[in-house]
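Asks: Chain by chain, the residues:
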Amino acid sequence: EAGVVQSPRYKIIEKKQPVAFWCNPISGHNTLYWYRQNLGQGPELLIRYENEEAVDDSQLPKDRFSAERLKGVDSTLKIQPAELGDSAVYLCASSPGQNQPQHFGDGTRLSIL
Amino acid sequence: DAKTTQPPSMDCAEGRAANLPCNHSTISGNEYVYWYRQIHSQGPQYIIHGLKNNETNEMASLIITEDRKSSTLILPHATLRDTAVYYCIVRGPFGYNQGGKLIFGQGTELSVKP
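Sequence lines, in order, name chains A and B. The first sequence runs 614 to 726 under this note's numbering. The second sequence runs -14 to 99 under this note's numbering.
Every clue listed holds true.
Computed list of lysine to aspartate or glutamate pairs in EDC-like fashion (alpha-carbon distance at most 20 Å, straight line):
(1) B/LYS37 <-> B/GLU16
(2) A/LYS684 <-> A/GLU665
(3) A/LYS684 <-> A/ASP669
(4) A/LYS684 <-> A/GLU666
(5) B/LYS86 <-> A/GLU663
(6) B/LYS86 <-> A/ASP670
(7) B/LYS86 <-> A/GLU666
(8) A/LYS624 <-> A/GLU696
(9) B/LYS86 <-> A/GLU657
(10) A/LYS675 <-> A/GLU665
(11) A/LYS628 <-> A/ASP699
(12) A/LYS628 <-> A/ASP676
(13) B/LYS86 <-> A/GLU665
(14) A/LYS629 <-> A/ASP676
(15) A/LYS691 <-> A/ASP670
(16) B/LYS(-12) <-> A/GLU657
(17) A/LYS675 <-> A/GLU696
(18) B/LYS86 <-> A/ASP669
(19) A/LYS684 <-> A/ASP670
(20) A/LYS691 <-> A/ASP719
(21) B/LYS(-12) <-> B/GLU94
Since the hints were made in silico from the structure, they are not lab data.
Go ahead and model the full structure; you've got the sequences and the hints to work with.
Replies: Given below as structure tokens:
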């Protein structure tokens, strides 16, 4: 079984530029999560999807962050414009259902110059 | 905030059992204990979870005390590749539009040494 695939693995941009991350979850997994992990900290949930519906986006900074999951499969997370404090690893996870173990991708490491 | 307390770091000799403790004294009756680990530059990896019975899979064993206020993750024969940060997480069930989030604490940094 293929795992959660994320791209790119690394991204370096200047502040105020836009950036997007892509996630392909495990086939058949209806629940998809985006997390942010700051250096030396554990991951923190940004948004959770059930199929194509965002059911928990309470931790997503909506002024600059947006996400979508078209057709309930792949998902993208966008930041526009990026700020210096957005430097972090952005992780995607998926699970077969909302109460089942989550499986993570290896993340996108974002560096803002 | 995380509902668990773990030692910040532990060492283990290669080939020996690694026993990682976790305190979760405020756990509720419907909350599960989950363990994940994160190897450097990788995403967290699911290891095991349990409610009140001890659990075992191909990776590890989970021992939960009878009062459920603490648990121990056991890696029976640690290898160098088990060096990672281990997270103990208490997680309730999702209801639609409710909680059930994985809230990661600081974890235990396990170093397996030759």
